[in-house]
Amino acid sequence: MPSRSATAGPFNRSWGAYAFLAPALLILFLSLLLPAIATIGMSFTDISFLRPANWVGLDNYFRLMADGRFQQAIGNTMYYTLGVTFPTMALGLLAAVALNRKFPFRIVFRTIFYLPVLTSLIAAAVVWVYLYEPYSGPVNGLFVSLGLGPQPWLSSPNLAMMALIIMAVWRDFGTAMIIYLAGLQDIPEEIYEAARLDGASKFSILWRITVPMLGSVTFYLMIILIVQSFQVFGAIYVMTGGGPLGSTETIVFQMYQTAFGYTEFGYSAAMSTVLFFVILLFSLVGTKIMRRGEG
Amino acid sequence: MEKQNKTGLNRRQLLLGVAAGSLTLGLGGSIGRAFGQDQQLVFWSQFAGSKRVAGEALEAAFKEAHPERNLVSTLYAEPPQLNEKILTSINGNTAPDLFVQHWDYNLTYAAADRMLDLGEALSVSIDDLDPSLLAYGHINGAQYSVPMYGTSRGIGFNRAHVVEAGLDPENPPKTWAEFRDWAIALTKRQESGFLERAGFSLFHNDLEAWEVFTLFLQGAGGKLLNDDLSAPSFAGPEGVKALTFLKGLLIDDRVSDLGFGLGPGGLASPFNTARAAMIIAGNYSTNNALRAGIEFAVAPIPMENGGFTSLVDPFCYAIPRDAKNIEGAVAFVEFALSPEQQVAFAVESKNVPVLKSAQQDPAVQADPYLSKFVETASYAPQEAPAIPAFSRMVTIIARAVQEAMFGRASVEDALSAAAAEVQTILDRG
Amino acid sequence: MSVVATQSNLTRTDERSFPLSRFIPWGERIVGYGLLLFAAFATMAPFLWMVSTSFKADAEVFQFPPSFIPQGLGWQNYLDVIYLPDSGRQLVNSLVFALGSTISNLIFCSLAGYALARMQFRGKTIVFALVVGLLMVPAQSQIVPVFLIVQKIPFAGGNDWLGNGGTGLLNTYWGMILPTAATPFGIFLMRQFFTRIPIEYEESARLDGAKSFTIFWRILLPLARPAMAVLGVLSFQSAWNEFIWPLILTNSRDMATLQIGLQLLQSGPDARWNVVMAMATLITVPIIIVFLFAQRFVIDGAVTSGVKG
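Residue numbers (this note's numbering), protein chains in the order written: chain U, 196 to 490; chain R, 224 to 652; chain F, 3 to 311.
So here's chain U without its partners, still in its complex pose:
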């Protein structure tokens, strides 16, 4: 018996694994991989989906290198991503730790913190425009009462992106919270008890135990947030339409415009390919930093 399973084991297990993976991989192949390959192929053509396409080699990429507006969009998108990712993770963790204890109404609070994601984007956008209103909006009310001057927020090319970042953090931290909450459930209570017995402060428990124990969850969240932020589209489309002066134009916004607005699907595919590698680069750098932090 034992020798038999030893020889058959690896083979069987491999097949088992493939069976587990097959349905998901088939769907991913059809809905993502094939389109992604097609996109890379399209980036070497001038395809418009209306006229016969021509092979143009690397022309689209050369054009991108000289496209000042695209470079501005890359800069904007990176700024947005950095601005959104880390505050969202930090706030999500704080909220999760706070709401993981047993106390009255915690379900109510959890639901409330998750509401922003559920609020329809257009409704959220309308409210935030009012919050940022330069003259009578509450945000400037707060600024003035703190002795800072009122700011033109959405109508200033220097501040508009910051305003969108704040809104995105508001919208996303609830998602980070429930993912962290799920992660907190399988940290054994004994570890905390031991630390408490050692007289560790709350902060050091959070920093020395909770954060390292959540490493794999944090890694997941970081990648997801980087990816999502790099692909931001809806909020910007609704709030600023890319303005003022292109200061909130992001890569995906331009990609969409180029493809469906200008029917330059080939050029848009090149943007998409570049975006893919930029995200990949960011994710790798993020992973490196996290590994170093853990070590």
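These are computed hints drawn from the structure, not numbers from a lab.
Among the clues, some could well be false.
[Said to hold, decoys possible] Which stretches of chain U does chain R cover? Using the computed rule of at least three CB atoms under 8 Å from a CB of chain R, they are: (1) 234-246; (2) 382-396.
[What the hints assert, rightly or not] Cross-link-like lysine-lysine pairs, in silico, DSSO-like; alpha carbons within 27 Å at most: (3) R:K411 <-> R:K397; (4) R:K286 <-> R:K547; (5) U:K483 <-> F:K126; (6) F:K154 <-> R:K547; (7) F:K213 <-> F:K154; (8) R:K446 <-> R:K397.
Virtual Cβ for every residue (Gly too), placed ideally from N, Cα, C.
Following the hints, put chains R and F in place on chain U, whose structure we already have.
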């Protein structure tokens, strides 16, 4: 032993799953097949929002008059969404027989030779239709798309504000100088500089930035493109004069603040919240201004030294070249262009009908706002910047306008850089 | 070790003997609640404002500065939404689409996530890299290719074995669900959570002779309940709010979802915003229900699953 048995069962389960999966796929397929049969007239409509009631009435009337045509319509909310549908469906050979879309998209499809020449297909006399609206469907020497209706532009003003400022609402501005006087007189600021009310709120998004510039460019006697639409002409002396005038209103006269009232979907509109006395208005401004309780009034847009100008913006029918039911589609367009349907649609949706006789119909003229917009439409130029790259030109010009306003570039530099960019796109074709 | 223990015992007794310190947790609790309430209000304000606008009459919508509490509690906007011609059909379609997408994500992503976390097989690293890599493919560039793929599924919708001739899965629920039926987000999430479950659970079962699927189904899946609940909420919510695929992959009014209905309502520059907000509020209700249902499992799942050892 038992272990192996279980693995076998597992594989069998998997096979079963695959079989069940393909069965359901097949089932789904047969439902899909049932959809595409018999001779239907498939119409993708964009008569949504405030045009929904008018659009449904039109379709109901057509069904009643032509039950044999078997009209099947689907409604799409915004031109970009309909555009996504059309681009995908043209490639999948599932395109509708007829659609109605914002004119600039139709030019893109037509330029790629995907549309039917309606000038030949329709038996409607083109001379009965408003030439300034019709111009937007004309490209490469053929009429590839035909308007259903258009919107036109005028100065929308708040009558209460005008009276309060001691101006005569029955005698609106007739020159730029008078317009400037109105804008200054209507502006209200507190001592701190806090803008309580803009005399004239110039624009709230890119499209409106392009629009206000174009209207004043025409007011100075200029045009966006040259006669054969092969080169931009907006950066000439007229363009410079127009943009300088607008910049003067904003920076020197401070009739508004940069970015005032910016926001999504018109809900933040400073005009509807009574925080702006004048805006560039269109037919679509009427409903919400009245709902908000504004004393809304419309005046034509003055040119620099007298005379008026305007813009029209049509939504047009188009029939794909490979449509399965061209005959039915043509019948629908002819029906929609009939005098009764033109009047009914215009009155219900408050848009300018394309049929000249319908524009002068008593029912249309009886509506105080619609009649005003019919009048302003008559000041629109007879030719149109009907190029497929139109939407890109809008973005480029809007950027140039704002660069000048924000002081990032001089008026001349901003405009000539934009013109160079537009030229590159036109040359690329 | 014993020194530490006695020390902490000492501090505890100290605390007990010192009366003021009893109030410190109370003070902390009050501050904590205060902060929570503040954060909750700041977070909730936009949602409340959406609800408040949905009750406003036409003229009140344009009041400036806006009122937070509506003047009257008019249900007319809600009635306008409910009596829209296609709203019932759209609700059914949205439910089918969202539930179908959620269920298939729960099944496929947990299976794949488990394989990637716990099973040994050739090409594991490549498959995992591929899944994470596919996260980075932007949806906006997929629109046309996915449409053509869904149309060309063989043997469906009158297609031959090469996928030509018919409409494939266009205009079917299957077609709508397909692009969202398994997501890299979900697979990645499940993999991360499965790796966190101590290996001992699995090893003891394996020693007892259980095979992969049994281990997965009987032992690991119950332990991963919090993660499954999160995946369920996120999948339901993203499908419920999905707009692009139902728009692109269907052509008829009969297949439209609530999000398409909402878009139709807010179309054009003269939309009635109070009615739009009423529909937006109604659309939110099912996701809140799903969230309330699922969040119990997020918190209590692992603790009460009782499969320990």
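For each hint, the structure was consulted:
| no. | hint | in the structure |
| --- | --- | --- |
| 1 | 234-246 | holds (count 4) |
| 2 | 382-396 | violated (count 0) |
| 3 | R:K411 <-> R:K397 | holds, 23 Å |
| 4 | R:K286 <-> R:K547 | holds, 19 Å |
| 5 | U:K483 <-> F:K126 | holds, 21 Å |
| 6 | F:K154 <-> R:K547 | holds, 20 Å |
| 7 | F:K213 <-> F:K154 | violated, 38 Å |
| 8 | R:K446 <-> R:K397 | holds, 20 Å |
The structure fails hints 2, 7 (numbered hints given earlier, in ascending order).
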